[in-house]
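Chain B: place on chain A using the hints.
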Amino acid sequence: MKGQRLRLVGIVITAILFPTLAVASDDLPALLNEYAQKADLSCKTKQEAAGNLIIYTRQDLDRMQVKQLKELLARLPFLHYKENNFGLSDPFYSPYMPDSAVGIRLYINDRSLDSPYGGNALQAYAQMDMSYIDHVEIYMGAPALSFGAEQGAFVIKLYTKDPQRENTDVLGAYGGSYGTRNLYTYTAHVTDEGLKYLIYADYMDLKRKKIRFKGNSLNRNKRIGHFYAEFGKDHHRVEIETFRTKFNHFYAHSTRIDPVDGYPYSYATNLYTGYYYHDAETGIKGYINASHNKIHYVEKSHSAVGILAVPQTYTPYIYNTIDDRLNETVVDSQIRKRFKWKNWENETGFQVKYKSFRFTDIKLGRLIIPHPDRKDHETICALFNETGYQPNPNNILLLSFKGARYRLDERFNDRTQFFGRFGYIYNSKDWTFKSFIDGGNFIPELHDLYVNVHDFNRLEKLDSTVAYAVSTQFIRKEGDRQLSLFLSATEVQNQLYLYTKLDPAGTIVRYYDTLDAPMRFYNARLTYQDRLNEHNSIAGDCWGMHTDNRNDNQQSNDYGATLSHDFIWSTWTLHNDLIYRHLASYRETWNWNMALTWSPDRSLSLYIKGENLLDKGGDNRYFAVDPTPLIVGQPPLITRLNHVDPFDRRIWIGVEYQF
Amino acid sequence: MLTLGALYSQADDVERLKGEIMKKLVELLAPEHQNEKIYIDKSCGKVDFPVQMVGRIVNNPAEADVILACDLNRLHLHPVPSSLSGKTVITLSYKEYIRHKNLAAGAFFWQKGRPNIIINARYIQRRHIRIPRSYRPFVE
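Residue numbers (this note's numbering), protein chains in the order written: chain A, 1 to 659; chain B, 1001 to 1140.
Next comes chain A alone, as it looks inside the complex (with noise of 0.2 Å):
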């Protein structure tokens, strides 16, 4: 008897150990499952012109339970997920520092999310719902100039669901810890015309855990109503969206962090429209599209939030309330075209964008502040042309090359922006090499340009970011295992930061300038993955990065680690990952994720999903300096939080059915 129970327990942990060896093959099911991943699979390779790219697919995204984006930024090599001081997602935050220009640029589809005054639109739409998400595209340095006239060091590409996979309607729920609800639906279907449809809502309450410090409780929540919508027929599409937002922004501009509880606030609603044409038989492609975003932003503070100089006394004036209500518009456009000769290729196309912010409130405290009757705006136009030449079906060469002029309000100079790019791709059955040069300049974000000239009375111009990368990827393709290794160094000069001095009046001096030396990074990352057998796959990668003058003018080498398990039986899925990251600055962090799946029917899927499941998946940093001392000849005032995880722990748990 005891032998049987031994035998029992042997087999129990034989199979939770080694799945595999405990289920039989299901020879149609597995299929199936092979079919998908596959089917996923082939659209990648597509893209392998447009850079270096890491891909979720939508069955890695099912299977991961992916919510939010901000659980994909979590996994990006080379970068710490942080959120900055207004609770808002910001992969390059640190405290009082500009918006790198050399950041990360977002699209849905082909329309890429910009705040002409918040500085990337990731920052609202990485904690935003994303089940109209499909899959989810990023690529590692300068991508195809024909993405956008903005470039990044990293661009994410998320493709709205398509209609021809979906015929569905979808009715699902989540929530989670800390009383977290989410209510979505979609419909997405072909009708017999021809006639292709996406139709998206969400209504989203997304809790946060709260920060308690000194007394005070720091909110991160966010409530999120999301309706999106997409028609296309033959070479036609149209994209709706509008969204309407009540964040609340964590401690914001308080400089002792110590918001009034409830504060501080901000109500936003967003309009999007955008006409989308393809011909892939002429290579014609266009689009126009237009937004439109209103916030009224609310800050109280127990501190003050900021400090003026009366202009005709010179008395300071402290406030410790922000009451305003900003406009935001963008209108983008662009159209390209694409020949092909013998063995060439070529595109050129022309893209002219116009982003534009105006206050139309500002109210400091009890002070009421005269805004300029006039709209704040830049537009871009630019000229683009990429060549590639393929002499035989392995090899490929390309060139690309941008200019683009940027047409900035008077007080502002206008600018000229290069880049260029030239490829060389090795592609075979089992082998892929790519190797890219890039290099050009960036200019400021308008919100920087702005809050110089405005907030810190400097007119002297600032200079364009430039930067050269050149970047080299092996992946070696066996069947179903694939092992890549990617190296790339890159140098940033001119690197926008914030100048801080005490001049000898006991005033704070502060200006946005750009580092004197360059900003130099070399990055190694190894990507191993393997589908060990129908039921069972494996993928990891280890990375490390090298700085060279990174804002402190010091060195310093980060490195992570992600190793990522999924099992699929019968209607079974289970994910696990865990994600390390060691920093610089910063303490070690581990990130453990785990979804489970049960999908009886074509129907009806249940998952729970932990989040963060060991509590030590991040680690953000801030600081906020009282200037109000120096009015009495005192130093300032510096208070620190440290080690606030910008990823709650959490359980999930879901629910989808199909009609």
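It cannot be assumed that every hint is accurate.
In the SDA-like style, the derived pairs of lysine to any residue whose C-alpha atoms are separated by at most 25 Å in a straight line are [said to hold, decoys possible]:
# : chain 1 : residue 1 : chain 2 : residue 2
1 : B       : Lys1087   : B       : Ile1124
2 : B       : Lys1024   : A       : Asp480
3 : B       : Lys1095   : A       : Thr185
4 : A       : Lys196    : B       : Asn1073
No lab work stands behind these hints: they were computed from the structure.
Chain B alone, transformed into the frame defined by chain A:
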């Protein structure tokens, strides 16, 4: 974006797998026809059907014993229900399966971002077809 990089893609594998799945469905749902004439509707996309393993691919649906189609009306087999009697029909679209649920043996189609299979419960009951246990989630 240039399209030159579309080399050695997994597209061949995808077509092969699609064909393998169709073959399995034919073997399962039309065991008596698996070595006979099969018609595949080309408007549903390219399929690398493993012809050497099963039956014979024909271009005329009227001649076929097994029909795999995404739109039965386009096959010009009027009237649809009676002209298909005696043939095993597997639809390649969910909408078409719902439309012709009484005569379709099963379906293979994309839905909710992934490929799906339906085995018609009434059909297998009527034909006394026994299916492996692992295929039961497909039976509706």
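Q: Return the numbers of the hints above that this structure violates; sort them in rising order.
A: Of the numbered hints given earlier, the structure breaks none, since each of them holds.
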